[in-house]
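Number of protein chains: 2
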Amino acid sequence: MTVYQEIEILCDNARAAAATLALADSQKKNSVLMRISQALLEDADSIIEANEKDLAFASENGVPSAMIDRLRLTKDRIESICASVRDVALLEDPVGKGEVWSRPSGIEINRIRVPLGVVAIIYEARPNVTVDSAVLCLKTGNAVVLRGGKEAINTNKSIVNSLKRAVSLCELDPHCIELVTNTDRESANALMSMRGKIDVLIPRGGKGLIQSVTQNAKVPVIETGAGNCHLYIDDSADIDMAISIALNAKCSRPSVCNAIESVLVHAGVAGRFLPEFAKVMAEYKVEIRGCAKTCVLVPQAKSATDEDYYTEYNDFIGAVKVVDTLNDARAHINKHSTAHSEAIVTSNEVNAEKFQKRVNSAAVYVTASTRFTDGGEFGFGAEIGISTQKLHVRGPMGLSALTTEKYLIRGEGSIR
Amino acid sequence: MTVYQEIEILCDNARAAAATLALADSQKKNSVLMRISQALLEDADSIIEANEKDLAFASENGVPSAMIDRLRLTKDRIESICASVRDVALLEDPVGKGEVWSRPSGIEINRIRVPLGVVAIIYEARPNVTVDSAVLCLKTGNAVVLRGGKEAINTNKSIVNSLKRAVSLCELDPHCIELVTNTDRESANALMSMRGKIDVLIPRGGKGLIQSVTQNAKVPVIETGAGNCHLYIDDSADIDMAISIALNAKCSRPSVCNAIESVLVHAGVAGRFLPEFAKVMAEYKVEIRGCAKTCVLVPQAKSATDEDYYTEYNDFIGAVKVVDTLNDARAHINKHSTAHSEAIVTSNEVNAEKFQKRVNSAAVYVTASTRFTDGGEFGFGAEIGISTQKLHVRGPMGLSALTTEKYLIRGEGSIR
Chain X
7 MTVYQEIEIL
17 CDNARAAAAT
27 LALADSQKKN
37 SVLMRISQAL
47 LEDADSIIEA
57 NEKDLAFASE
67 NGVPSAMIDR
77 LRLTKDRIES
87 ICASVRDVAL
97 LEDPVGKGEV
107 WSRPSGIEIN
117 RIRVPLGVVA
127 IIYEARPNVT
137 VDSAVLCLKT
147 GNAVVLRGGK
157 EAINTNKSIV
167 NSLKRAVSLC
177 ELDPHCIELV
187 TNTDRESANA
197 LMSMRGKIDV
207 LIPRGGKGLI
217 QSVTQNAKVP
227 VIETGAGNCH
237 LYIDDSADID
247 MAISIALNAK
257 CSRPSVCNAI
267 ESVLVHAGVA
277 GRFLPEFAKV
287 MAEYKVEIRG
297 CAKTCVLVPQ
307 AKSATDEDYY
317 TEYNDFIGAV
327 KVVDTLNDAR
337 AHINKHSTAH
347 SEAIVTSNEV
357 NAEKFQKRVN
367 SAAVYVTAST
377 RFTDGGEFGF
387 GAEIGISTQK
397 LHVRGPMGLS
407 ALTTEKYLIR
417 GEGSIR
Chain U
7 MTVYQEIEIL
17 CDNARAAAAT
27 LALADSQKKN
37 SVLMRISQAL
47 LEDADSIIEA
57 NEKDLAFASE
67 NGVPSAMIDR
77 LRLTKDRIES
87 ICASVRDVAL
97 LEDPVGKGEV
107 WSRPSGIEIN
117 RIRVPLGVVA
127 IIYEARPNVT
137 VDSAVLCLKT
147 GNAVVLRGGK
157 EAINTNKSIV
167 NSLKRAVSLC
177 ELDPHCIELV
187 TNTDRESANA
197 LMSMRGKIDV
207 LIPRGGKGLI
217 QSVTQNAKVP
227 VIETGAGNCH
237 LYIDDSADID
247 MAISIALNAK
257 CSRPSVCNAI
267 ESVLVHAGVA
277 GRFLPEFAKV
287 MAEYKVEIRG
297 CAKTCVLVPQ
307 AKSATDEDYY
317 TEYNDFIGAV
327 KVVDTLNDAR
337 AHINKHSTAH
347 SEAIVTSNEV
357 NAEKFQKRVN
367 SAAVYVTAST
377 RFTDGGEFGF
387 GAEIGISTQK
397 LHVRGPMGLS
407 ALTTEKYLIR
417 GEGSIR
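Sequences listed follow chains X and U, in order. For the first sequence, my numbering begins at 7 and goes up steadily by one. For the second sequence, my numbering begins at 7 and goes up steadily by one.
No lab work stands behind these hints: they were computed from the structure. One or more of the hints may lead you astray.
No copy is singled out in the list; a pair is fine if it fits within one copy or between any two copies.
Dumping the calculated DSSO-like pairs for lysine-lysine here, alpha-carbon to alpha-carbon at most 30 angstroms [claimed, not checked]:
id	residue 1	residue 2
1	K308	K213
2	K170	K34
3	K213	K224
4	K81	K308
5	K341	K203
6	K203	K224
7	K34	K341
8	K363	K170
9	K363	K59
10	K341	K170
11	K299	K59
12	K34	K363
13	K360	K299
14	K224	K363
15	K360	K203
16	K299	K363
17	K285	K341
18	K203	K103
19	K224	K341
20	K203	K291
21	K170	K360
22	K341	K103
23	K360	K103
24	K203	K363
25	K360	K34
26	K203	K213
27	K203	K163
28	K299	K224
Pulled out of the complex, with its shape left as it was, chain X reads as follows (with noise of 0.2 angstroms):
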């Protein structure tokens, strides 16, 4: 059987099992939650031994320790992943949410929200990605077919056997996880290939993911997470409030995906602003890569490219640009970003009105800092991601954008 093969039986059965899935409650369905939570800590440490087998095999290949950390399980880790699996059985669930309205000709119209099908997730080495993606796809009625990354391949099959257990155990059908045990780019270039039989496809990881996957995807996709955000200093700017949201947005957690990555600062301002910022990126060893006026200003700058300021870094490096007016700051980030999140600092209101309406990202912030973009910080409980499309969900992800729209509609031999 070759992998296609296989795949496209994972993808038949997960389909399967969607249509039983689609017809559970909600009460039905947190009771998997709940079933799932308990069934990984009965289960932890056979998780936790398969995960030491990917521990080791990491170990001896040289992967780098911060992807160590990020694969490792431990009792306390599996325990917090538990708790956020009773968090979402707490969420409100989308499904069945809608509208009624009646029409002149006679019908009755009722719009509701109904799970996609089956939801494909490729992504790397963090094994809490299984357990969080097939749990926002249960809550949701939708089955989730799941392609982890080879370093965690152990580790995730003892997880989705445990997931599979519990959802066995409330007399559904396991195959609505299913998890691709083939790690080779091959199967990942299959999946992308499923049309008809995935309903969406979404690449939770780095920019080579996302990438590859928007490139070659034949099936429906939601872009999520590629981040070159940027902060503008506008001229009316509170100095030590520019000071402290640049030092938050860069500096808090550089490797996320609504961390800064360049400082764009107006000319009238950039001569107070820049040394106080040069200061404190010190601190953080910060390496900044500057224009030839923030080289003046700044000595210990290295000379920015053009390809710096297209540059998603997710590290302690920060490119700056000094700009002559906020529609020099505008065309520079609309040109250079990835359209996740952008913000300015300014005391103008006129200003803060221009940039929020010609900044062309999902999230653009007047004197607050651009790691707010997240699920959990906007309200959404949930997050599957940050989409960085335009169609379906732009920004975080709730529990919505895991569903799609039906019309029931009903007539009394009505006819047009």
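Please arrange chain U on chain X, whose structure you already have, making use of the hints.
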């Protein structure tokens, strides 16, 4: 200059125009629509002159008379097109609609609808689609790149001149309406590959066009209008009602996407329904292609192949199949349908609910004709098409389908 480069320039111009158009308020956009209605009437003679060139060319080249009729513009038809432009001006503008909430962190979040940006439409011979698409895009603050069929190229050039004149008179950038004048397949392919330059591509036309777009496009697409629709006659159906709905759904306008192609009949009612159905269909000269049981009950029926059940005839041809259970009907529909519209005729409430829940199509009817799947009939005012995909929009697409959302966040130096 290659076709690709030519279209790249059109798209870039449209993008720049979209940025200013997005700032126009509803009043401004409506005044442009009113000016368009006026301009088309003023320019009616030259548009009709251009249309005559297209008609002459079509006759010489043996274009079918039905298509020639769709291509033809008269003073009356132009007046009716202008009336529908004014109707769109009266519709509510979705742009700017939204909701505001605050979070414990101190940030205030405003989620608002904004234009998508640049919308591309690929369509065939009907010149009214040129006006209709341009007007719906303008109303929602989007620039539009139009690529119509070669049969209507002179008409389209003349119409777009008139539209651009109206836009200029209102002091907006006329590049917000662009026409691709090259009508070779190459130009359609180039348009499909404008990744990053087009926010959504909507094919409006026949099955071949839609398949070509969904298979080749590298830009986000909304699939529209493929309608292999079904009518299922339950064993509890009122026969008169079933006949009336079947007649309406099949014969009132067989060429449209919401007309039915197949009738499924429960075995328990086939003996009563099918002879009567065949008699009515014979009056409309509908060719029936049936399963073995159908052929017994309807002697004039031809034998149906599985291919027949996959076919959207858009003509006076209908497939018929006798099924043993509601579940068989559901399975047949979910396998063969394009997920557009399906209907059940039943007087059994349990069966009605089962059918609506388990049939995976955009619109699922109980004792009503599938012909109601239409933006106007649903009360949306305008219709850009009928989406048969699950992401972004499903079923009849109103104005909001041409918008996306954006988060505007305010803080007071807020950090996370």
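The hints, checked one at a time:
{"no.": "1", "hint": "K308 with K213", "in the structure": "within (24 angstroms within a copy, 56 angstroms between copies)"}
{"no.": "2", "hint": "K170 with K34", "in the structure": "within (15 angstroms within a copy, 57 angstroms between copies)"}
{"no.": "3", "hint": "K213 with K224", "in the structure": "both (19 angstroms within a copy, 18 angstroms between copies)"}
{"no.": "4", "hint": "K81 with K308", "in the structure": "neither (45 angstroms within a copy, 67 angstroms between copies)"}
{"no.": "5", "hint": "K341 with K203", "in the structure": "between (36 angstroms within a copy, 12 angstroms between copies)"}
{"no.": "6", "hint": "K203 with K224", "in the structure": "both (11 angstroms within a copy, 20 angstroms between copies)"}
{"no.": "7", "hint": "K34 with K341", "in the structure": "between (48 angstroms within a copy, 28 angstroms between copies)"}
{"no.": "8", "hint": "K363 with K170", "in the structure": "between (47 angstroms within a copy, 25 angstroms between copies)"}
{"no.": "9", "hint": "K363 with K59", "in the structure": "neither (51 angstroms within a copy, 45 angstroms between copies)"}
{"no.": "10", "hint": "K341 with K170", "in the structure": "between (46 angstroms within a copy, 27 angstroms between copies)"}
{"no.": "11", "hint": "K299 with K59", "in the structure": "neither (52 angstroms within a copy, 61 angstroms between copies)"}
{"no.": "12", "hint": "K34 with K363", "in the structure": "between (44 angstroms within a copy, 17 angstroms between copies)"}
{"no.": "13", "hint": "K360 with K299", "in the structure": "within (25 angstroms within a copy, 69 angstroms between copies)"}
{"no.": "14", "hint": "K224 with K363", "in the structure": "between (34 angstroms within a copy, 28 angstroms between copies)"}
{"no.": "15", "hint": "K360 with K203", "in the structure": "between (44 angstroms within a copy, 23 angstroms between copies)"}
{"no.": "16", "hint": "K299 with K363", "in the structure": "within (28 angstroms within a copy, 63 angstroms between copies)"}
{"no.": "17", "hint": "K285 with K341", "in the structure": "within (29 angstroms within a copy, 65 angstroms between copies)"}
{"no.": "18", "hint": "K203 with K103", "in the structure": "within (25 angstroms within a copy, 35 angstroms between copies)"}
{"no.": "19", "hint": "K224 with K341", "in the structure": "both (27 angstroms within a copy, 20 angstroms between copies)"}
{"no.": "20", "hint": "K203 with K291", "in the structure": "neither (48 angstroms within a copy, 38 angstroms between copies)"}
{"no.": "21", "hint": "K170 with K360", "in the structure": "between (51 angstroms within a copy, 27 angstroms between copies)"}
{"no.": "22", "hint": "K341 with K103", "in the structure": "between (39 angstroms within a copy, 27 angstroms between copies)"}
{"no.": "23", "hint": "K360 with K103", "in the structure": "between (36 angstroms within a copy, 18 angstroms between copies)"}
{"no.": "24", "hint": "K203 with K363", "in the structure": "between (39 angstroms within a copy, 20 angstroms between copies)"}
{"no.": "25", "hint": "K360 with K34", "in the structure": "between (48 angstroms within a copy, 18 angstroms between copies)"}
{"no.": "26", "hint": "K203 with K213", "in the structure": "both (25 angstroms within a copy, 20 angstroms between copies)"}
{"no.": "27", "hint": "K203 with K163", "in the structure": "within (23 angstroms within a copy, 41 angstroms between copies)"}
{"no.": "28", "hint": "K299 with K224", "in the structure": "neither (46 angstroms within a copy, 39 angstroms between copies)"}
The structure fails hints 4, 9, 11, 20 and 28 (numbered hints given earlier, in ascending order).
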